[in-house]
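Enquirer: Residue-level listing of the chains:
There are 2 protein chains.
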Amino acid sequence: MNIAILGFGTVGTGVYKIIKKANRLTQNLHVKHVLIRKNKKPDLPEMTDSYEEILNDKDLDVVVEVIGGIEPAHQYILEALKHKKHVITANKAVIARYMDEFTKVAAENGVKFYFESSVGGGIPWIQGLERALRVDDVNKIQGIFNGTSNFILDQMKRSGETFNDVLLKAQALGYAEADPSADIDGLDVANKLCISCDIAYDYFVKPTAELPIFGIRNITEDDIAHFSKKGYTVKLMGKSHQRGDEFDYVVEPTLYHGDTLEANTCDNYNLISLHGETIGNLKFMGQGAGQLPTANAVIQDILDIFQNKEHLKRGFKSKLKYRSDLTRSNYIVRSEIDCAHLFAKFNPCTRGDYLMVQQIPVGEMHRLMRKVLEKDETAFMASLPGKEGESA
Amino acid sequence: MNIAILGFGTVGTGVYKIIKKANRLTQNLHVKHVLIRKNKKPDLPEMTDSYEEILNDKDLDVVVEVIGGIEPAHQYILEALKHKKHVITANKAVIARYMDEFTKVAAENGVKFYFESSVGGGIPWIQGLERALRVDDVNKIQGIFNGTSNFILDQMKRSGETFNDVLLKAQALGYAEADPSADIDGLDVANKLCISCDIAYDYFVKPTAELPIFGIRNITEDDIAHFSKKGYTVKLMGKSHQRGDEFDYVVEPTLYHGDTLEANTCDNYNLISLHGETIGNLKFMGQGAGQLPTANAVIQDILDIFQNKEHLKRGFKSKLKYRSDLTRSNYIVRSEIDCAHLFAKFNPCTRGDYLMVQQIPVGEMHRLMRKVLEKDETAFMASLPGKEGESA
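Protein chains in written order, with our numbering: chain A, 1 to 392; chain B, 1 to 392.
It is possible that some hints are incorrect.
Because identical chains share one entry, a pair is satisfied inside a single copy or across any pair of copies.
DSSO-like, lysine-lysine: derived pairs with alpha carbons at most 30 Å apart [to be verified]:
| # | residue 1 | residue 2 |
| --- | --- | --- |
| 1 | Lys345 | Lys313 |
| 2 | Lys313 | Lys104 |
| 3 | Lys112 | Lys230 |
| 4 | Lys375 | Lys17 |
| 5 | Lys309 | Lys84 |
| 6 | Lys309 | Lys112 |
| 7 | Lys41 | Lys371 |
| 8 | Lys309 | Lys104 |
| 9 | Lys58 | Lys104 |
| 10 | Lys321 | Lys21 |
| 11 | Lys229 | Lys58 |
| 12 | Lys140 | Lys20 |
| 13 | Lys17 | Lys319 |
| 14 | Lys32 | Lys313 |
| 15 | Lys84 | Lys371 |
| 16 | Lys157 | Lys345 |
| 17 | Lys317 | Lys21 |
| 18 | Lys309 | Lys58 |
| 19 | Lys140 | Lys21 |
| 20 | Lys313 | Lys112 |
| 21 | Lys140 | Lys309 |
| 22 | Lys82 | Lys345 |
| 23 | Lys20 | Lys317 |
| 24 | Lys169 | Lys20 |
| 25 | Lys157 | Lys313 |
| 26 | Lys17 | Lys321 |
| 27 | Lys58 | Lys169 |
| 28 | Lys20 | Lys157 |
| 29 | Lys375 | Lys104 |
| 30 | Lys21 | Lys313 |
Worth flagging that the hints you see were computed from the coordinates, not collected in a lab.
Use the sequences and the hints to build the structure in full.
Expert: This is how it looks when you write it as structure tokens:
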């Protein structure tokens with residue numbers, strides 16, 4: 001199989017490395033082109049800065065898009081599909097935004113659009129989810145979907161250091177980007193949860209500013225110490241529940257008891273779970289990012305195409321409806337302003353520096369918290385576990 | 001697809017239930033026969049006590065063997081394969097013993113022999129392992145492979161009760177059988193680890209009495225309390241490592257720090273892990289037993305045949321060699337006899353009621369422990385975690 005890699009950053013280089021170190025199966029894969037930026041000097045014979053050349057190569061089977069970002073990735077993927085090339089991408093932002101368009105154009109052109117590496121890195125999450133869906137409806141998804149934020153929270157807990165000190169450390173180690181907002185504001189988790197819901201519910205969940213998303217930018221070393229004292233570890237979670245013909249969706253810091261797998265998922269690891277009627281709870285833990293684990297997942301998609309292993313078909317014709325207030329939860333809020341009146345309907349009670357809000361619909365909580373943030377941009381909140389350490 | 005279910009116990013009934021509750025995919029599955037014991041009264045129209053009738057049904061595609069035990073399951077599977085029926089089984093004992101024969105006969109007859117449900121119940125472990133092997137050599141497998149023993153250890157830790165009291169409770173709940181030896185003496189774990197190694201190394205590991213296997217029959221409430229005081233949780237593990245052209249294999253109680261996923265795998269859950277060069281650590285947690293999770297895994301195999309998704313091919317022609325002493329580990333030993341002299345080469349030192357043995361080859365430890373058991377049949381041992389909570 002002939003492959004073109006668009007972009008030769010961390011993941012692109014990893015894909016190239018694994019293919020070059022051929023084994024029994026991967027020896028059938030051949031990197032024919034590597035697309036680099038215009039006017040950049042090629043230092044490998046496969047490199048070119050002409051996407052036209054790649055698109056018009058009649059012997060090319062698969063385009064691997066690992067440039068990242070929205071444009072030109074979006075146009076590159078569409079053009080490849082229209083030229084009847086299979087497309088594999090690790091780019092969660094562009095998939096979350098254009099999943100419906102990519103799925104449609106791939107089907108029209110009789111080619112595959114696969115994206116295992118986009119969620120959970122090396123964890124076979126998309127594959128595991130699609131497999132579960134062959135037998136069960138999946139009625140719960142929850143996950144530590146972002147390694148950078150998990151590393152920051154884990155380090156803060158271990159060292160007692162401030163958010164900013166740990167963020168600087170994560171940036172020095174290459175775990176966090178110069179602009180860390182996608183990781184710490186929950187946007188990366190949001191994209192991965194959108195992709196997971198798209199598959200689980202066969203419903204296109206467009207990532208918009210209206211979705212309830214709350215990140216960890218405002219967490220302090222005192223918050224972490226307080227949670228620890230109470231036996232909790234805080235994790236940035238993406239969560240979705242389905243009940244009847246409705247589903248919800250939320251990204252938020254969530255407290256877990258010390259004896260849960262979530263609380264003990266350390267460093268930059270990911271842990272992603274699903275629940276189905278017959279399968280029960282199923283959890284996958286592994287490297288959610290990093291060169292080789294992510295490249296491994298790209299290679300798995302290439303091999304699925306090579307071995308003709310079809311992924312689940314989606315039509316986005318589900319009759320489920322999104323409802324932000326499907327689930328209720330308890331929350332702990334920290335703010336310098338007195339905001340108890342905002343939550344008056346939900347039995348607010350003060351506990352030291354914190355306010356406890358009880359059995360509030362999740363969407364309502366996020367709407368009210370936006371009001372708190374307008375007056376106190378340092379405010380923080382986290383949801384508390386329900387029965388069995390879960391917030392449902 | 002037409003299916004025959006051999007045996008209508010817990011798992012057989014579960015398979016029947018899931019197929020009857022048809023969804024988009026499983027509506028293509030049709031239970032045509034259910035084999036029951038000779039002279040047992042049929043209470044479903046599909047029931048028959050004639051295996052001949054099933055074998056000679058030209059429209060039958062798949063035989064699901066869920067009788068359990070070695071014979072007649074072994075002969076039934078061989079006959080089905082020779083009649084060119086695909087075979088799916090949940091029977092780990094018969095697979096572990098005859099994996100090479102079943103694989104060969106299935107290939108000769110151009111049919112599939114699939115067994116996802118035999119290891120880890122509903123966890124997609126076989127599938128995950130085979131998938132990882134497409135890209136990586138797998139150089140470590142370790143798992144909580146047995147739900148019954150995990151339930152017993154978890155309950156003992158939570159309640160402080162004796163082994164026997166908790167075993168009785170497990171039997172009352174249906175988690176443990178009247179004869180619990182396969183679960184508590186590590187034989188069930190041994191079979192599942194054999195199957196996992198067969199796949200990982202393409203080497204047929206025959207389950208024999210020579211393999212290093214040590215169960216939890218002798219553990220006391222005082223042992224558990226002692227480990228807890230030191231911050232450890234004990235788990236019955238199956239473990240294998242591969243290094244160069246050698247691999248090892250061991251089933252033994254193992255101590256884990258409280259902040260590991262292993263220590264926090266509760267109730268009757270399973271947690272199975274692999275390590276590969278590019279994928280890193282990958283862990284799968286779920287229901288390792290139970291009617292619907294196990295039946296779910298049987299259905300997944302049926303759907304793989306229906307959707308023509310080929311599993312990994314095995315020839316058992318690997319050049320790896322089994323070596324019982326490939327890995328060294330530290331152990332804690334409790335015995336009423338003074339056995340320090342037996343372990344003299346491995347820096348034995350007394351710690352209260354326990355003896356610590358250091359950096360001893362795993363096979364050697366098990367050989368010496370058999371000598372201890374000859375004089376003190378109540379003796380117990382557990383391996384201690386190495387770096388990163390692992391015994392390698």
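Enquirer: Of all the hints numbered above, which does this structure not satisfy? Sort the numbers upward.
Expert: 1, 3, 4, 7, 11, 15, 16, 22, 24, 25, 27, 28, 29
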